[in-house]
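Guided by the hints, dock chain A onto chain H, whose structure is given.
If you're matching them up, the sequences are chains H and A in order. Using the working numbering, you'd call the opening residue of the first sequence number 1 and step up by one each time. Using the working numbering, you'd call the opening residue of the second sequence number 314 and step up by one each time.
The hints are simulated quantities; they were obtained by calculation from the structure and are not laboratory data. Please note: incorrect hints may appear among the correct ones.
Below 20 Å or equal to it, Euclidean Cα-Cα: the simulated EDC-like pairs (lysine to aspartate or glutamate) are [said to hold, decoys possible]:
#1 A/K788 - A/D832
#2 H/K309 - A/D795
#3 A/K788 - A/E709
#4 A/K600 - H/D128
#5 H/K51 - H/D30
#6 H/K309 - H/D210
Each chain, letter by letter, is given below.
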Amino acid sequence: MVRFFLKQVMSGLLLTVVVTAVTFTLVFSDGSGIARRVLGTNATEEQVTAKVHELGLDQPVVVQYGKWLSGLVRGDLGASYFTGEPVGAMLTTRVPVTLAIVTIALLLTLILSVLLGVTAAVRGGWLDQLLQVVGIVGASIPNFVIAIALIFTFAIAVPLFPATGYVSPDVDPAGWARSLVLPVMAVLIGSIAGSAQQFRGAVIDVLRQDFVRTLRSRGISERAVIFRHVLRNAAAPGMTILSIQTIALLGGVVLIERIFAMPGMGLLANSSALQGDIPAVMGCVLFTIVVVVVVNLLVDLLAGWLNPKARLS
Amino acid sequence: MTSTTGPSVLGRLLRNPLGLISSVVLTLIVLFGLASPLSPHNPNRALLELTNAPPLTGEYLLGGDQAGRDILSRLMHATLSTMLACLVVLSVSLLLGVVTGLIAGYYGGWFDAISSTTANAVMAMPGFVLLIALYAVIGPSIMTAMAVFGVLIAPSYYRLVRGLVQTVRSELYVDAARVSGLSDFRIISRHVLRAVRAPIIIQSSFVLSAGIGIQAGLEFLGLGDPSAASWGGMLQDAFNNLYIARINVVWPATLVSVTTLCLVLLGNALRDVLQEGASQVRPLRAKAVSRLRAERERPEGERPEGERPEGEHGPEQRPEPGSGGEARPDTAGAAEPLLSVRDLVIAYPTSPSAVRDVVRGVSLDVHRGEIHGLVGESGSGKSQTAFAVLGILPREAVVLGGRLRFDGADLGSERVLRQVRGRRIGYVPQEPMSNLDPVFTIGQQLVYGLRASTSISRATARSTLLDLLARVGIKDPRRTFDSYPHQVSGGMAQRVLIAGAVAADPDLIIADEPTTALDVTVQAEVLDLIRELREERNLAMVLVTHNFGVVADICDRVSVMKEGRIVETGTTSQLFANPQDEYTIMLLNSTLDDAVERPAWAEVNPT
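Extracted from the complex, chain H is given alone in its bound form (with noise of 0.2 Å):
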């Protein structure tokens, strides 16, 4: 187990070394372009040059690249081109309202697309039809369209919920709660649509296998049969959705904080990419590269645990 997980840990450390080396080479590929959006269009060719300089994007790419690495191992991410704010320091206001959406999402799709796609798997029926409907129509519609329909409907229409707007936790949990409502639903939708289908996809697979057959045969109740063998052996099948629902979520995510005004990574990185203040840029995808990562090592692990095979192997 100790191993499994020091090997996954590992593929974790490169997946993120290779994403950022990839992003920081094609962001800082045109630096006097990057110098020329921080000052202006009415800057000089010297100016532009000096600022090149000033901003170290003279050097190869490669030594810029190694130079943010060294530095992020030492918790400095660099300082915003425009307010000279450090970008760590940017990051630690915005995380926690990102994060406090993500992982209320990646819970509550977890816990209610297992309940109903085994439900819809194990009942069939009209649950079953009516769960791929509604599963159609949620994953393909994209999410900042249901967010809007949300605000129409819980904030304008019947105003249960504030239709914009963050409460920190510190002041008000409360509201912290409701101001959180209507920005969770808007991800959730489309990310239980699809994961729900994929566990439903997977017990059905295991429903299909030989030894549930021979387990009924010796007497095990159904419900027995379901929950402690079935669900286990669906489990990770049906968890790599969620390595992939995690990709959608943190994408749909930048968007819902727009639509609903909330300070968090998404909005610092749409306003970061407008600005072309490259280094609070490449703070959201390294945030967002670790969240992938670490959804994807709970995952493995939490398969791992549950399969043996996936874990000795």
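Structure of chain A alone, referenced to chain H:
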């Protein structure tokens, strides 16, 4: 190549309700976009007096936006730009994904290794966040951004095509083409592309749906071209203006949702049409089952083919089971049989209202201490009959008629089945490895199964099972007990399963080809074990097999099955010495060719 399948696929797609609706809606949207040169106004012309004008004001059919521009005209131009973006996404991702997938799948090797690693890494990337970050380099060019999205989504084609090509490549006809000297290019274009075409089309509709969502999302964030009309941009404008002109949100939101939804529906409809064989028939509804059962009970003349009245199961010369006059094992005598099956009919649905019979009126008796062989070729219904006794048929199977009695109790009742399963009737499956739950140790699942059907303590169950594992010939019972199924061999696993079947000390064992999946030497050992256990415990057994050697070896009585019916039944020696039915004779003859010794054994050792 296309001409043979093209029209019929389109025809079938349009006959599928969801396929028809989504195709019509998508065609209308495409026409709407193509008509944009004819739009009533220049999409950027602003009339201040029509700012936020409601629909049907002045010249503006759908009203004006916050800058006084015609919403209808802007929607038309935005639709065209979405269509162009779709083209960009499709060409980039198809070119990259399909070509690399073809090469990797067809040639394998180092190219496959590198491209698969790359594809996995790209798939793990947070694509949308990456696109936002790349705005810093790309700037406000949505087409470039969508080309990048094409690269990011290409792995989905790559994996699809690579997998399909690997499958096709191992097909015999491709080998034949290669042997007959066709060039790789000809083989790929003639055979491989044909196999991957349909899945690529299906995948494309899902990719486009995702692409449109991504494009609208980027534009909504203001990362598109601010000078051009776009769905996402219009949505952003309308959203910022939500409290002033609410209705303006509706148009772009509806267009985006309807388009993405229709693309997904089209993809699903295409999948149903192009991969018809793959879609599985659902279990019948209770109503349909009771209707079918009622139909079968109509008077004889009206009965559909495949149904026969009680007592008339096959050719006339065949002796009826249970009637006297034929040799029986001494233990049986005239006593009531332990297991009695009468006129069992099992069917599987072929459509929501029709079924196909796989077991057509099977009757058989098994007495205490008797091993009853059920022989026949695959698909003759012998395993289905065996499953029905334990009530472990697959969910979609329907029992349309017949009675199953075990020691006087009716096995048609779920309550009785719950009492006898495991406890009084044990089951030994065919394929040992797939019949053990891979996530539990052998000990865990055996103990759990034994305790589910009995009321003994965990410790007692454990010691009983350890003894039993030793009894079935496992050298190191403790180690096997703590092993996971994938850590033991097939022969060991089959011994474990036999131990599991006899653990609760049942009276009857249903063994479904218990030796078929094993090596020849292990087969003989397992047969010996079954024979010994029968003698020790006075077990009755239904032994399903297609192997007359096994029958001759241990069965007391045999029933021969063909196409869901028992064509002949009798004692083993009777059947080998004097087969009556043509089918039995044919089966015996084909066995004789392989193993001359077997019938000789039966003849010199009459029971």
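Taking the hints in turn, this is what the structure says about them:
Our distance criterion of 20 Å between C-alpha atoms is met by A/K788 and A/D832, whose separation comes to about 18 Å. For the hint linking H/K309 to A/D795, the alpha-carbon distance of about 14 Å falls within 20 Å, and the restraint holds. A distance of roughly 41 Å separates the Cα atoms of A/K788 and A/E709; the hinted pair therefore is violated under the 20 Å criterion. The straight-line distance between the Cα atoms of A/K600 and H/D128 is roughly 18 Å, inside the 20 Å bound, and the hint therefore holds.
At most 20 Å may separate the alpha-carbon atoms for a hinted pair to count; H/K51 and H/D30 meet this at roughly 13 Å. Between the alpha carbons of H/K309 and H/D210 the distance comes to roughly 18 Å, so the proposed pair stays at or under 20 Å and holds.
When held up to the earlier numbered hints, the structure conflicts with hint 3 and nothing else.
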